[in-house]
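Chains A and E supply the protein sequences, listed in that same order. Read the first sequence against my numbering and you will find it ends at 392, with the numbers running on by one and no gaps. Read the second sequence against my numbering and you will find it ends at 392, with the numbers running on by one and no gaps.
Simulated from the structure, these hints should not be mistaken for laboratory data. Please note that the accuracy of each hint is not assured.
When chains are identical, the list treats them as one kind, so a pair holds in a single copy or across two.
[Said to hold, decoys possible] Below, in silico cross-link-like pairs of lysine-lysine (DSSO-like), each with a Cα-Cα straight-line distance of 27 Å or less:
no., residue 1, residue 2
1, Lys329, Lys7
2, Lys6, Lys25
3, Lys273, Lys329
4, Lys237, Lys101
5, Lys251, Lys14
6, Lys7, Lys105
7, Lys251, Lys237
8, Lys105, Lys251
9, Lys132, Lys6
10, Lys243, Lys132
11, Lys7, Lys251
12, Lys25, Lys329
13, Lys14, Lys273
14, Lys237, Lys7
15, Lys14, Lys269
16, Lys132, Lys273
17, Lys132, Lys14
18, Lys132, Lys251
19, Lys13, Lys269
20, Lys13, Lys25
21, Lys105, Lys132
22, Lys13, Lys132
23, Lys251, Lys25
All of these numbers come straight from a predicted model, not from anything done at the bench.
Protein chains: 2
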Amino acid sequence: EAFFVKKVWRFLKKAWDLGVDDPRKFIHCLKVGIALTVVSLFYYMRPLYDGFGGNAMWAVMTVVVVFENNVGASVCKCLNRICGTSLAGFLGFGVHCLASKSGPKLEPFIVGSSVFLLASAATFSRFIPSVKARFDYGAMIFILTFSLVSVSGYRVDELLGMARERISTIIVGTSLCILVSMLICPIWAGGELHVLIHRNMEKLAISLEGCTSEFFQSNGGVDDKNKESNEKLLGFKCVLGSKANEEAMAKFALWEPAHGQFNYKHPWKQYLKIGSSIRSCAYCLEALNACINSEHKVPESIMEHVSDSCLTVSSNASRVIRELAETMKTMKRSSTIDVLLGEMNSSVQELQGNLKSLLPENGTPIMDMIPVLTCVSLLIEIANRVEAIVDA
Amino acid sequence: EAFFVKKVWRFLKKAWDLGVDDPRKFIHCLKVGIALTVVSLFYYMRPLYDGFGGNAMWAVMTVVVVFENNVGASVCKCLNRICGTSLAGFLGFGVHCLASKSGPKLEPFIVGSSVFLLASAATFSRFIPSVKARFDYGAMIFILTFSLVSVSGYRVDELLGMARERISTIIVGTSLCILVSMLICPIWAGGELHVLIHRNMEKLAISLEGCTSEFFQSNGGVDDKNKESNEKLLGFKCVLGSKANEEAMAKFALWEPAHGQFNYKHPWKQYLKIGSSIRSCAYCLEALNACINSEHKVPESIMEHVSDSCLTVSSNASRVIRELAETMKTMKRSSTIDVLLGEMNSSVQELQGNLKSLLPENGTPIMDMIPVLTCVSLLIEIANRVEAIVDA
């Protein structure tokens, strides 16, 4: 039993740490609580409240289902919900009229086949990438509302009043959601994406510098020097896996209104391009890292011959990346980026010259640098071009 | 207007192709249609049907919300829904009793604060990775049901009957979902994962072979030879981005009962390990590919000197990967894998010997092979070990 308590305690501890690391998670929870309490009490207090299963529940349900971590996702879901419900409501109403006119024998067939057809079609539409990216939730809500309306055995005039009330409660719910998520410590998907890309660039720069310096300065030397720096070295591993996250953020950012430093039509797709350039650079770094950890011994003479110019190249490259990160952050065209780029390219030239003057017996480590160099210069060209677009 | 029609037509064409490429998408749509029609008609026909907003809608809603593309995801959502609803129902009932006993003045406060507290806590729990992986949907349903129950102004005895009916309709909905998704052309998340990993291995093998042979056989030669083979070469790009997909599948596979060749406790996590080994190999291939596309010209003499042994290494390595893929597919310990491994290792040795006997003036391309070789042998060791576990 003590074991169980301990386990629960450790679990709670871990959960608490999670929140302390990122206090916005706590804030998000409080926001959900506030929105839900407000809408609950609003309908709880209302004198014209007409019982469970009435329309109040739709407002509550909307808040629960729609409220998301960032503004873009909430707005996206709200609009989807409203559109899906309205569209399905109209269609369902039409089918209902048709069915009720065609006599009691034919009615179940019409209802059943229309549900079958539209549900299948809407489900299929969720597989189409362009629909999935924007209207996935809307399609689900469409199916839901349509089948509810078709199944309902109500008379037509009641149905109309019902539909009006239903849509009005959903609008109350969604607008409350949007208000709370925008006004109380908003978390913008666009801002998140911006910070994510910026941080990835910095991680990349640190890793690049760290890897090369570790390789040349402690070749076969002390391995377990300090764990902390080692963790920094492996910062690029995060970059490798951040694709899905970036894409989700960019998707939601499209739905957000202008906020802070971003306009409504901010070119979010450029961020994805930058992100993928960063990632292709990280792949090269991964390969380089594998070389560092391999057990090839390198003659001292060669190491000395190239280590200086290699270190210069990597520090120049990481300075360029840092400058780009800074440019990203401030969203202003950097004045020094061209100078830094020039320096980097000239140091690459120097390294290549250095290599030509060298006749290695076993040139492993030098050559391992080549892909990184080419990759870095590639990245910088891409990123530089993209920057120009972003800041234009 | 003609432009618009054309656009719509192209969109429909694309959607149709999507379905033709993977007919299971069509089947899934039909399954959703069938499930929904059955449940709708079931409640539509029932004589004791008591109007819109009654309990029938919960069965319809359950089917719409819970039905997913693969069995694991459906089962996971079903169980989550049932557990979340029951738990929240009990708690909500308790709070409701407490509130109704404490007099009309205190009641809104008790209801409001309990909704606030539990909604915040449940939202927070969705951030905890271990909870998120399994009970994300359940937590949402918990919040939903709890606030609905608390807000409902019903008398206690009515509430109990309501709860019983509600849960019974949800169970009808979920069991229908599970039946349909399991019995009509089931798509198992585990099977999908299995095929995905297998296909990724094959793509990797093809790409590895293709890249090296292109590099050595047409160095600076014809570039736009055939697009088709080029697409095959880039097969490893898919491998790079398949992480999120693999993880989702493995998550759902945990929920699936025994089916086909898989037992209930099939070690799905091993698949993730294999997947990440494959990916680390693909990173190296990405670096290699960058070298191929770079513009370094290599002296013919060097090319001739190493091309044979490089090609041997890469073809041996890709044969090992193919054999592993085959092993994966049949889930039987391969008898030839050790022989192939030995061959590969000896060819690596040979290549290294070859390199030592060579004094290149400009040894770029040879060395570019090194990371790939080390990486491949690394991968094979990992994958081999993992295989042993899987088949044990």
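Now the hints, each set against the structure:
1. In this assembly of identical chains, the alpha carbons of Lys329 and Lys7 never lie at most 27 Å apart, being 42 Å within a copy and 39 Å across copies at closest.
2. Proximity of Lys6 to Lys25 under the C-alpha cut-off of 27 Å is restricted to the intra-copy arrangement: shortest distance 25 Å within a copy versus 47 Å between copies.
3. Only within a single protomer do Lys273 and Lys329 lie at most 27 Å apart by alpha-carbon distance; the minimum there is 16 Å, versus 36 Å between protomers.
4. Neither within a single protomer nor between protomers do Lys237 and Lys101 lie at most 27 Å apart by alpha-carbon distance, with minima of 64 Å and 57 Å respectively.
5. Taking identical chains as interchangeable, the C-alpha atoms of Lys251 and Lys14 lie at most 27 Å apart only when they sit on different chains, with a minimum of 21 Å there against 31 Å within one chain.
6. Neither within a single protomer nor between protomers do Lys7 and Lys105 lie at most 27 Å apart by alpha-carbon distance, with minima of 61 Å and 41 Å respectively.
7. For the identical chains of this complex, Lys251 and Lys237 are neighbours both inside a copy (23 Å) and across copies (22 Å), given an alpha-carbon limit of 27 Å.
8. In this homomeric assembly, Lys105 and Lys251 never come within 27 Å of each other (Cα to Cα): the closest approach is 47 Å inside a single copy and 46 Å across copies.
9. Proximity of Lys132 to Lys6 under the C-alpha cut-off of 27 Å is restricted to the inter-copy arrangement: shortest distance 21 Å between copies versus 44 Å within a copy.
10. Taking the shortest alpha-carbon separations for Lys243 and Lys132, both the intra-copy value of 18 Å and the inter-copy value of 20 Å come in at or below 27 Å.
11. In this assembly of identical chains, Lys7 and Lys251 lie within 27 Å of each other by CA distance solely across copies; the values are 23 Å between and 39 Å within a copy.
12. Taking CA atoms no more than 27 Å apart as the test, Lys25 paired with Lys329 passes inside one copy only; the shortest distance there is 23 Å, against 43 Å between copies.
13. For the homomeric pair Lys14 and Lys273, the shortest alpha-carbon distance between copies (25 Å) is at most 27 Å, but the shortest distance inside one copy (35 Å) is not.
14. In this assembly of identical chains, the alpha carbons of Lys237 and Lys7 never lie at most 27 Å apart, being 30 Å within a copy and 42 Å across copies at closest.
15. Proximity of Lys14 to Lys269 under the C-alpha cut-off of 27 Å is restricted to the inter-copy arrangement: shortest distance 23 Å between copies versus 36 Å within a copy.
16. For the homomeric pair Lys132 and Lys273, the shortest alpha-carbon distance inside one copy (21 Å) is at most 27 Å, but the shortest distance between copies (29 Å) is not.
17. For the homomeric pair Lys132 and Lys14, the shortest alpha-carbon distance between copies (14 Å) is at most 27 Å, but the shortest distance inside one copy (35 Å) is not.
18. In this assembly of identical chains, Lys132 and Lys251 lie within 27 Å of each other by CA distance both inside one copy and across copies; the values are 11 Å within and 22 Å between.
19. Proximity of Lys13 and Lys269 under a CA criterion of 27 Å is satisfied inter-copy only: 26 Å between copies versus 39 Å inside one chain copy.
20. Only within a single protomer do Lys13 and Lys25 lie at most 27 Å apart by alpha-carbon distance; the minimum there is 15 Å, versus 44 Å between protomers.
21. Neither within a single protomer nor between protomers do Lys105 and Lys132 lie at most 27 Å apart by alpha-carbon distance, with minima of 38 Å and 48 Å respectively.
22. For a Cα distance limit of 27 Å, the shortest separation of Lys13 from Lys132 across copies, 17 Å, qualifies, whereas the shortest one inside one copy, 38 Å, does not.
23. In the homo-oligomer, the alpha carbons of Lys251 and Lys25 lie at most 27 Å apart both inside one protomer (21 Å) and across protomers (24 Å), since each shortest distance falls under that limit.
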